[in-house]
Amino acid sequence: MAHRAAQQPQQPQQQRRYDRQLRIWGDAGQSALRAASLCAISATAAAAEAIKNLVLPAIGALTLVDGTDLRQLPPTAHFFLSSPQRPHNRAHALVAALHALNSDVRTSFIPHHAHEFIDSVSAAYAFVLRFSLVLVADMPASHTLVRFLSQAAFRANVPLVLLRCHGMIGYLRVQAPTLCVLNARQDDLPPDLCIHAPFSHLQALADATDLNAISDTTQLTHVPFVIILTKALQLFRAQNDQKLPASPQQNKLFENIVRSLRPSHCPADALNFEEALKRSNLRLCYSQVNHIPPSVQAVLSHPNADPRTSTAFSVQLESPNHHHVFPQIVHYTKPRPAAHRIAEQQARFWLIAAAVNMFVNEAGRLPVRGSLPDMTADTESYLNLQRIYSEKAHKDAKRVLHFVHAIVDERGLDLDVDDALVISFCTNVHAIRVHSTSSISDELDDWNVDAFKEAAMLEGGLDPSGTGKASPYYPILRAVDLFHRANGRYPGSDTVVKDNDIALMHGYVATVKEQLGLQSNTGLWRHETEEMVRYANTELHNVAAFMGGIAAQEITKILTQQFVPLDNTLIVNMAEQSSITFAA
Amino acid sequence: MFNKLCERVYDQRRAMSAEVPGSIPGGRMQAPVVKWYDISLPRRHSSVLFTFFVAFIDSLRLMFKCDRVPFYHLRVVKLHGVVSFFIMQLEEAVRDDVAEWRAGGPAWGGLDHLLRNAGPLSTDLNPEAADATQTFLRQHCKILIIGAGGLGCELLKDVALSGFRHINVIDLDTIDVSNLNRQFLFTEADIGKSKAHVAAQYINSRIPGCRVVPHHANIMSFDAQFYQQFNIVIAGLDSVEARRWLNAMLVSLVQFNPDGSVDRSSVIPLIDGGTEGFQGQARIIYPRFTSCFECTLSLFPPQQNYPFCTIANTPRLPEHCIEYAHVILWDKLKPFGDVKLNMDNAEHTKWLYETAKARSEHFGIQGVTLRLTQGVAKNIIPAVASTNAIVAAACANEALKMISAIAANMDNYMMYNGKSGVYTYTYKNEKKPDCPVCGTPQPKTFQVSPKDSLAEFLEQIAIDPDIRSKKPFLRSSTGKTIYASTSPLREATQSNLKKKLGELITSGTELTLADKDLPFIRTLIINYK
Ligand SMILES: [Zn+2]
Numbered sequence: 001m002a003h004r005a006a007q008q009p010q011q012p013q014q015q016r017r018y019d020r021q022l023r024i025w026g027d028a029g030q031s032a033l034r035a036a037s038l039c040a041i042s043a044t045a046a047a048a049e050a051i052k053n054l055v056l057p058a059i060g061a062l063t064l065v066d067g068t069d070l071r072q073l074p075p076t077a078h079f080f081l082s083s084p085q086r087p088h089n090r091a092h093a094l095v096a097a098l099h100a101l102n103s104d105v106r107t108s109f110i111p112h113h114a115h116e117f118i119d120s121v122s123a124a125y126a127f128v129l130r131f132s133l134v135l136v137a138d139m140p141a142s143h144t145l146v147r148f149l150s151q152a153a154f155r156a157n158v159p160l161v162l163l164r165c166h167g168m169i170g171y172l173r174v175q176a177p178t179l180c181v182l183n184a185r186q187d188d189l190p191p192d193l194c195i196h197a198p199f200s201h202l203q204a205l206a207d208a209t210d211l212n213a214i215s216d217t218t219q220l221t222h223v224p225f226v227i228i229l230t231k232a233l234q235l236f237r238a239q240n241d242q243k244l245p246a247s248p249q250q251n252k253l254f255e256n257i258v259r260s261l262r263p264s265h266c267p268a269d270a271l272n273f274e275e276a277l278k279r280s281n282l283r284l285c286y287s288q289v290n291h292i293p294p295s296v297q298a299v300l301s302h303p304n305a306d307p308r309t310s311t312a313f314s315v316q317l318e319s320p321n322h323h324h325v326f327p328q329i330v331h332y333t334k335p336r337p338a339a340h341r342i343a344e345q346q347a348r349f350w351l352i353a354a355a356v357n358m359f360v361n362e363a364g365r366l367p368v369r370g371s372l373p374d375m376t377a378d379t380e381s382y383l384n385l386q387r388i389y390s391e392k393a394h395k396d397a398k399r400v401l402h403f404v405h406a407i408v409d410e411r412g413l414d415l416d417v418d419d420a421l422v423i424s425f426c427t428n429v430h431a432i433r434v435h436s437t438s439s440i441s442d443e444l445d446d447w448n449v450d451a452f453k454e455a456a457m458l459e460g461g462l463d464p465s466g467t468g469k470a471s472p473y474y475p476i477l478r479a480v481d482l483f484h485r486a487n488g489r490y491p492g493s494d495t496v497v498k499d500n501d502i503a504l505m506h507g508y509v510a511t512v513k514e515q516l517g518l519q520s521n522t523g524l525w526r527h528e529t530e531e532m533v534r535y536a537n538t539e540l541h542n543v544a545a546f547m548g549g550i551a552a553q554e555i556t557k558i559l560t561q562q563f564v565p566l567d568n569t570l571i572v573n574m575a576e577q578s579s580i581t582f583a584a
Numbered sequence: 001m002f003n004k005l006c007e008r009v010y011d012q013r014r015a016m017s018a019e020v021p022g023s024i025p026g027g028r029m030q031a032p033v034v035k036w037y038d039i040s041l042p043r044r045h046s047s048v049l050f051t052f053f054v055a056f057i058d059s060l061r062l063m064f065k066c067d068r069v070p071f072y073h074l075r076v077v078k079l080h081g082v083v084s085f086f087i088m089q090l091e092e093a094v095r096d097d098v099a100e101w102r103a104g105g106p107a108w109g110g111l112d113h114l115l116r117n118a119g120p121l122s123t124d125l126n127p128e129a130a131d132a133t134q135t136f137l138r139q140h141c142k143i144l145i146i147g148a149g150g151l152g153c154e155l156l157k158d159v160a161l162s163g164f165r166h167i168n169v170i171d172l173d174t175i176d177v178s179n180l181n182r183q184f185l186f187t188e189a190d191i192g193k194s195k196a197h198v199a200a201q202y203i204n205s206r207i208p209g210c211r212v213v214p215h216h217a218n219i220m221s222f223d224a225q226f227y228q229q230f231n232i233v234i235a236g237l238d239s240v241e242a243r244r245w246l247n248a249m250l251v252s253l254v255q256f257n258p259d260g261s262v263d264r265s266s267v268i269p270l271i272d273g274g275t276e277g278f279q280g281q282a283r284i285i286y287p288r289f290t291s292c293f294e295c296t297l298s299l300f301p302p303q304q305n306y307p308f309c310t311i312a313n314t315p316r317l318p319e320h321c322i323e324y325a326h327v328i329l330w331d332k333l334k335p336f337g338d339v340k341l342n343m344d345n346a347e348h349t350k351w352l353y354e355t356a357k358a359r360s361e362h363f364g365i366q367g368v369t370l371r372l373t374q375g376v377a378k379n380i381i382p383a384v385a386s387t388n389a390i391v392a393a394a395c396a397n398e399a400l401k402m403i404s405a406i407a408a409n410m411d412n413y414m415m416y417n418g419k420s421g422v423y424t425y426t427y428k429n430e431k432k433p434d435c436p437v438c439g440t441p442q443p444k445t446f447q448v449s450p451k452d453s454l455a456e457f458l459e460q461i462a463i464d465p466d467i468r469s470k471k472p473f474l475r476s477s478t479g480k481t482i483y484a485s486t487s488p489l490r491e492a493t494q495s496n497l498k499k500k501l502g503e504l505i506t507s508g509t510e511l512t513l514a515d516k517d518l519p520f521i522r523t524l525i526i527n528y529k
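Residue numbers (the UniProt record's numbering), protein chains in the order written: chain A, 1 to 584; chain B, 1 to 529.
Rather than coming from a laboratory, the hints here were simulated on the basis of the structure. Accuracy of the hints is not assured; some may be wrong.
[As the list claims (entries may be wrong)] Simulated crosslink set (DSSO-like; lysine-lysine; CA at most 27 angstroms straight-line): (1) A/K453 / A/K513; (2) A/K453 / B/K357; (3) B/K357 / A/K392.
Keep in mind that this is a model prediction, so the values were computed, not measured.
The following block holds chain B by itself, in its conformation from the complex:
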């Protein structure tokens, strides 16, 4: 069965049921019957103030041989009018909601009922392990939600209402007014605040016992050790680059046994969702077992670029005028000095709109509006609450099935389209044998003319469907750096851009391509036509 692939989760659940046969740790820890406030601190908290606490807890942790917990809890307890401070580890601080989920309210009773009743199609379910599964789900399983945006808000609510308690969420963004039409954890009062923090606080206040730990950071600022602590990762990202990076990170965590087979206990499943307008998809990636994000990169074509000669010489559409102002005029005119265009800056947006509008009027082209300007320059993806709800629910449902075995997981890709009726299609997306992340990549051969300039060749690898490198670092097999897009080597190699390929390398040369945004290194072979 496909489910068996998730052995890491299975092993842990089995271990749990062996440890506490048939027991629900209901009376394990009684919450103090007092008013209390919790403050969660990320372990990486740099404040000097807490260094002492962290050291203190570390010694406690060693003393009590506690499992690794990535953050600490500062609890302020007000007892008989006297305020005392306790620092507790998360596990003990979780207010017990066992009584509630066993009592069987409509939302949680459903899961408990299904765990205790097997059916002919739930072949992986062992009703005897129901209590152990509940304990594992609520007290040990750690889930990471990536993104606290349209999908992320829904995902947080869905996994929390599914029974997950140890939830981490990463988001780099702050809340904007245009998020409020779908990101329901935020209100107007939250505009400008961190998405991750506001979302975590909201969920924690609504779901008893839930501990969402927010990370206001870029996913790339966390290392392998961070990702390794989770049982499941669900991604609700809109950036293809971020999804490529995350996918490669999780694939890289897979360990191999001495006989070359995959060590299944090292596999962390990734559930990935995406939406656009009334369309979306949800998929399960079991690194090394199923197709990965990189295998199916061609499903996410790069955004359309208008040819330079069109936007410069023969503009016809309002988009052409906006793109010219965006790509050419901003750098040429430097209206705000030597700064990058920031579409979140109202002044920048206004300048771009007015410049594009002036250009369109010069040519007699109609239709440059502020909405279109933002759409083109920011590459805005249309988004609505309902599609996010649908895709997030499908992702969270797969996560719950993975942990609970109340039903088999889908294998492995679901497409949704609500534009014409309601259409879903679930199919097995096949692994690509030469996937540069999870397969055995072959050197990629380029047939080019020796008269092409290096700049032209770089354009080619930027749009090549399975490379898409925008910040390349190219080195020939002889060790010569052909081009580097980042300092300090950029200055040294910039002069190569105008040179013809024939002047730089001979036919048949092997080039090594690296890119700081890409999670792999590729070998390119250059053959002259």
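This is chain A alone, in the form it adopts within the complex:
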């Protein structure tokens, strides 16, 4: 039985405590965050920073896996581990410190190294199924544990985030076969006012408004521009075979019609007519009849959104083949009854998307969103207009809900969907997205060379004379992993053989350059390679804090299903404060 992601109203005290973030992701986002269960493997400084930034906004549950005994480490200025009475195990000590930051979070830990009990893909699969998201810190991508986790998490559709810091360089990788975004919150999208295809109530309101008959100029200057444009477009269509303006000449013609609608007794600088003129162009970018934005179309034409053939409406996961025994999780605070999984949120997402597909097939357009921007208007005409939009949106959402129930009945699904979720899905239908990334395990053998080259080229990272770039550090990190696999340590970590490490690293970088089809013997990335050896896998607090902050933000975006997640690799150069992203 799927866990119900209903929005639970927050308690007043919680409302106040989390007020500043509720203004970013809303109550729905907060409920999703509260329902999530995060597993973090390896409690390094960067991981600790990331987790701190998730504990403060109150992620639901947290399990830390780390077998490090703090007594074995050199004295350190770890902020959360400096209490003299701290427990000896690093995961235990960090959980205790984080619990003090926010007792709303359920915390637990496993005081063992993950590789001790995750020794196969099958064991990793059984393990990751327990969590909403897994964060792995400061391990080379080529580490067998990362391989196991990557393959298992990909199969289980559990997002995996890999976070690494090497001196001044930070690396972040997000892996997820599909990420569904309920609200991308991109505010540059124009509002959909349906002027190009007015629904009956809007058309009736436009018809009932006779601009020339309004003698009162105050009233005339407060007719909403939506009405003016609807009338103008009707006139244009009557003169042009019922077609929409398509060329710059026709746009001019349309603008002239808008101008001609202003009665002679109306002041020349009337704001509502100015707004109509200003929008007459903007509207046209969005006015292809029944236009569906490409990012929304990508969701609707995804095989998972097919009402008849999709297999995504229920959480169908193979059970683990073998029975795996894991070390017992030590619950620092009382455990939650069940971890809420991304896969369950996604089943609902695809079900509603399939219902929207059926709606589009029937209506030939997306459901009306119902939001109306502010515009010059008197209170009464604005509220009247707002009412007809919201009634139309409500009607459309009801129809989508009907299709949801039809699919549930027809397919015999065991999935309950909140009416409120369907309504909010339709309200933000222009902002739904789907993303998918390659797996980290695949990237090790066969990476997206073209995407990297394109991103590096844009940054100037393929130019040997350029400095201050972030892109060279992706191939260099691959070389670092090759070095680590061969030598069991990081380049530069033994200062006695530093020059030897530099020579070896130049060799590994040359190998990576060949994979990229670049000349291997040029001076390209020479300095950067030597800098990387200089960094010697040192951990600098500010780099850890910067990368931990970004990791936490990406995890928040994934768990709340809001904003647009990283696709899929980020390289940060804190020596020059530059960064690039690309889809590895």
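Based on these hints, arrange chain B with the ligand on the given structure of chain A.
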């Protein structure tokens, strides 16, 4: 190199390495092997009780020719069951953590390793000076953190873990429950206490040897002499006014050589961070060398004001109803007598919410909620832990690079946006030649109608993108005060507000504009259309 601009820091570091060639003052001062308690006292402490101590220390200071130290240390030592009191100067009281940072724990060993190993891109780094740099960083360098809020908490942790030991923090605010989702130095038990004091105490208890000195005060209550003592200032402020003031203060500290060139030893770099939601920016301001905050004021547009006629006559949105209750009804109805609206007062907030709600119901407007009411009336900026962590880390990283030269500083402005993927952009923000703070300002000409009232003109200068004066004091070139927004001249000039400009001044008149919130004086020229 851009780094060279920071000569003040460089000179001091060089001087250090000359003074103590290759020596780490590790055994300089052994902390007593006893239980001890430290109480830091601000130098400005007015308590009579400590006047004697302060005088005593001053004489000690003269005797031992100590460097100026802005506060004193009262140490209570319990030795063999006998309690004795010592007053010590900060420098000696710093518990030595040299052994720890040289031993190379993950957090500090990283810096020491980078200091001792130069790379092809760290052109300013001299590995020979590693010890001197560590000594300078931990024992001599003074850093000022402005704000102990979302950015401030992160900044304090970041600079302390970077190795800075002499840290001052200024914050006027007290802790509120809505801070706890990101200001991790505070807990529920701290609500109502001073942010600066709680934050300082927390850091001092966590980082050995760290001495954070809190100032529960307004930044404007400190003078040039106070700011002059710092090597670097990092600001994590959300108020544009405070950032303008601080920027102008640091620019004003710059001295000039007789030949007119800048005396670089007087330049105090300002690192400024800001966040909003998932977006933020970090920048370095080298006064007189790079663009300053005032040069780029247009990047921080004033908050949106709703036109009066909309909120009064044709409200459409819930915000319009809230704004009407906030701006008009509060002053008109005076629900709590003649007091200013205070959104931190629960009674005031409740009144505002209910009044706005009643107005919205009267018009049939939906959506007035308590959250929206607070958002509109308080101009609340959405904030989250992760963005603060990102921007603060970028600022602290630049401060550490400035002091240590382990890498070059960025030049000079970084924007961060996490709304769609992860996007950062670092670019050189150019100086504005006519910047009123760091450039040569030109008189600003206004084309107005002589029929405009003075009040209308004042509205214009309040929203003008590079003036934004809300409390103006205007005097004409003939010496006549046209308007003063503060007493006692306000009463005398209030009657001018309704007068037409044509009645007050002639076309082409030069006006001098001063504003108690603005750090400069501007010349305005009024030309009639
Ligand atoms: Zn300037």
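Results for each hint:
no. : hint            : in the structure
1   : A/K453 / A/K513 : 11 angstroms, holds
2   : A/K453 / B/K357 : 57 angstroms, violated
3   : B/K357 / A/K392 : 26 angstroms, holds
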